[in-house]
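Sequence lines, in order, name chains V, W and R.
So that you can map any letter, position 159 of the first sequence is 159 in the working numbering, and since no number is skipped, the others follow by simple counting.
Each number in the working numbering comes from the position in the second sequence (counting from 1) with 186 added on.
Each number in the working numbering comes from the position in the third sequence (counting from 1) with 372 added on.
Take the hints with a grain of salt, since some may be wrong.
[Said to hold, decoys possible] If you anchor each label on the Cβ, the simulated ranges turn out as follows:
id	chain 1	residue 1	chain 2	residue 2	range
1	V	Glu151	R	His439	46 to 52 Å
2	V	His44	R	His391	56 to 62 Å
3	V	Leu123	R	Asn381	50 to 56 Å
4	R	Val464	V	Glu166	29 to 35 Å
[Said to hold, decoys possible] One side only, chain V facing chain R, incomplete, derived with CB under 7 Å:
id	residue
5	Phe13
6	Ala14
7	Leu90
8	Ala94
9	Tyr98
10	Val113
11	Phe167
Just so you know, these hints were derived from the structure itself, not from any lab.
Source: prediction; values computed, not measured.
Glycine included, each C-beta is placed from N, C-alpha and C at the ideal position.
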Amino acid sequence: MDNLGQLIEALIFASDSPLSLDRLSALSEQPKTQIRPIIEQLQHHYGASERGFYLAEVAGGYQFRTVVELAPWLKKLSKDRATRFSRAALETLAIIAYRQPATRAEIEYLRGVDSGGVMKTLLDKNLLRILGKKDVPGRPLMYGTSRQFLELFGLRDLSDLPTLKEFTALDPELTEAAPLDPETVE
Amino acid sequence: MDNLGQLIEALIFASDSPLSLDRLSALSEQPKTQIRPIIEQLQHHYGASERGFYLAEVAGGYQFRTVVELAPWLKKLSKDRATRFSRAALETLAIIAYRQPATRAEIEYLRGVDSGGVMKTLLDKNLLRILGKKDVPGRPLMYGTSRQFLELFGLRDLSDLPTLKEFTALDPELTEAAPLDPETVE
Amino acid sequence: MAIQIQLENFSGPLDLLLHLIKSHEMDIYDIRIFEITEQYLTIIEKMQQLDLDIAGEFLLMAATLVHIKSRMLLPVSDEIGEEEEDPRAELVKRLLEYQRYKDIAESFQQLPQLERDIFVGHFQLENVLEGESEDNQVTIGIYQLADAFHQLLKDKPPEIFHEVVRESLSVADYIDRITEKLSQKKRIAFREIFSTKYSRSELIVTFIATLELVKLQVIGIEQVGAFGEMWLALTTSVDRLAQISPEKDLLTYG
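Same shape as in the complex, but just chain V (with noise of 0.2 Å):
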């Protein structure tokens, strides 16, 4: 493969847009008689010998696309990583990790919406545990972090969690967030 071809190649797989032939002679300072032979190479090579992705032609440009055929697999990339979570799922983490015991009202209130499925999400990953009822009307489950959350963050006991108050010590600017209950909070 010659400089230009794999500069070209380069550009379309780095681009987060198609690239067309106006862009391309743009980009590589060559005239578009030059890029045309070379798009019809990259794609006759990745056409060709059955490669996980081809030289696709969309929007008036040219992007690298995985092939429709292995998309069941792919779907699978977007899903269960241990490390990443919806940020509904974070954020009613860590309401629960700083506030336990907490209730559902207290994790919804603080959140503004319904947060029962998230919850329960966290129940069937083992991070949440049910601590008991609470002594008030209506009785309602307290929630408190597990065994297995402290060990998905790596801490050997909640006293490891940053404070708040050490958490806005790192900026200056950062004022400290009004605490509900400060109490509970600290």
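Starting from the structure of chain V, add chains W and R where the hints point.
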């Protein structure tokens, strides 16, 4: 290229972070012994033919990356994507990379300046992580570098960092990180 | 020596000291402390005259230098047999160690950096994510956990708990306002639906109205990146909007 090869290539291609052998094995539902030779094949394929990108081993996994020689051309693609690191940020990163787990006090003693703000920025960029609290009075938070740090600089792991000996060998005693004066630090 | 030095150009007092040592061709192990202290103080004074803010750390180092200087002036007593430590020793150690991390930082700068020199692909997984609600994934660690909690508390003034939203502010009205905005534009930023003129109660009702619309699956929310802008878009036709109106009466927030 056989089917498993095609799948492995597509998985690595489509993932937004490096994929380890373990993850590739889990995603493809094939034993690692099957995957290892495929990786080697891919490394060979992309390495030998001077393509625009190659299969890099980084942060404990595999990822396609553009070849470094093309940097001057590819830069044009990244108008505002690249993060420019300040000297302060790089110094802080350097200290933490080599001395982790490091406390904020240690970092500030070495740098001679308040480093809370710059540490916060690095934490926000996921380049640092909190490792827990140190077992000394006051239990200060300990910091270390993250997987994203390895990805940023294309390191396989921390041992890929140049050894301290390679830097300013003015003092033969300084081959290792100098012990800090505990009184000044804590 | 012409004082062209800008403190901002130095990452701290150690950096400035190293610069002075180098520019005066001194041996770092045998710093001429009188000379260096004088140089250092001149710079600091000049800065003060120019009314520039000098960070406390620079002043602290000035004090340290003066202290070392004064200790150097003390006669070394022969009576105490023990070898007395060079008053400069601690500073030298710090300077050497700092110099080293400064060099490492410089080498980091030279390393090929992702998104600056080296790039990874940005792929379209064909037919993969279509129709799938891509839960906004975030990397988590202790820091992210603490940050999430901090954000929640910060965005939540404590008093709201017992606040009763007045009858005059009906969620239904605000639902109408949001859907009206959305039917004019294809998608709008989450922040845009909150007028800056809104009172806190109005902000809350607008927020509840947004949640209600998401629950009714009339609008969708998408977020680019972990803390990126959130975008709202209608997921239903304008015709269907009319049908949800009766349900709005059931909303009990008003």
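Going down the list of hints, with the structure as the test:
1. Under the hint 46 to 52 Å, the C-beta atoms of V/Glu151 and R/His439, about 49 Å apart, fit the expected range.
2. Separated by about 58 Å at the C-beta atoms, V/His44 and R/His391 satisfy the suggested range of 56 to 62 Å.
3. Range check, V/Leu123 to R/Asn381: Cβ separation about 55 Å, and the 50 to 56 Å hint holds.
4. For the hinted restraint 29 to 35 Å between R/Val464 and V/Glu166, the CB-CB distance of approximately 33 Å keeps it satisfied.
5. Interface hint at V/Phe13: satisfied, since its Cβ lies 5 Å from the closest Cβ of chain R, which is below the 7 Å cut-off.
6. Given the 7 Å rule on beta carbons, the hint for V/Ala14 holds: about 4 Å separates it from the nearest Cβ of chain R.
7. With a least beta-carbon distance of about 5 Å to chain R, the hint placing V/Leu90 at the interface is held under the 7 Å criterion.
8. Below 7 Å, beta-carbon pairs count as interface contacts, and V/Ala94 has one with chain R at about 4 Å; its hint therefore holds.
9. With a cut of 7 Å, the hint placing V/Tyr98 at the interface with chain R holds, because the nearest CB-to-CB distance is about 5 Å.
10. A cut of 7 Å between beta carbons decides the hint on V/Val113: the least distance to chain R is about 6 Å, and the hint holds.
11. Because the beta carbon of V/Phe167 sits about 5 Å from the nearest beta carbon in chain R, less than 7 Å, this interface hint is met.
This entry satisfies every hint, going by the numbered hints stated previously.
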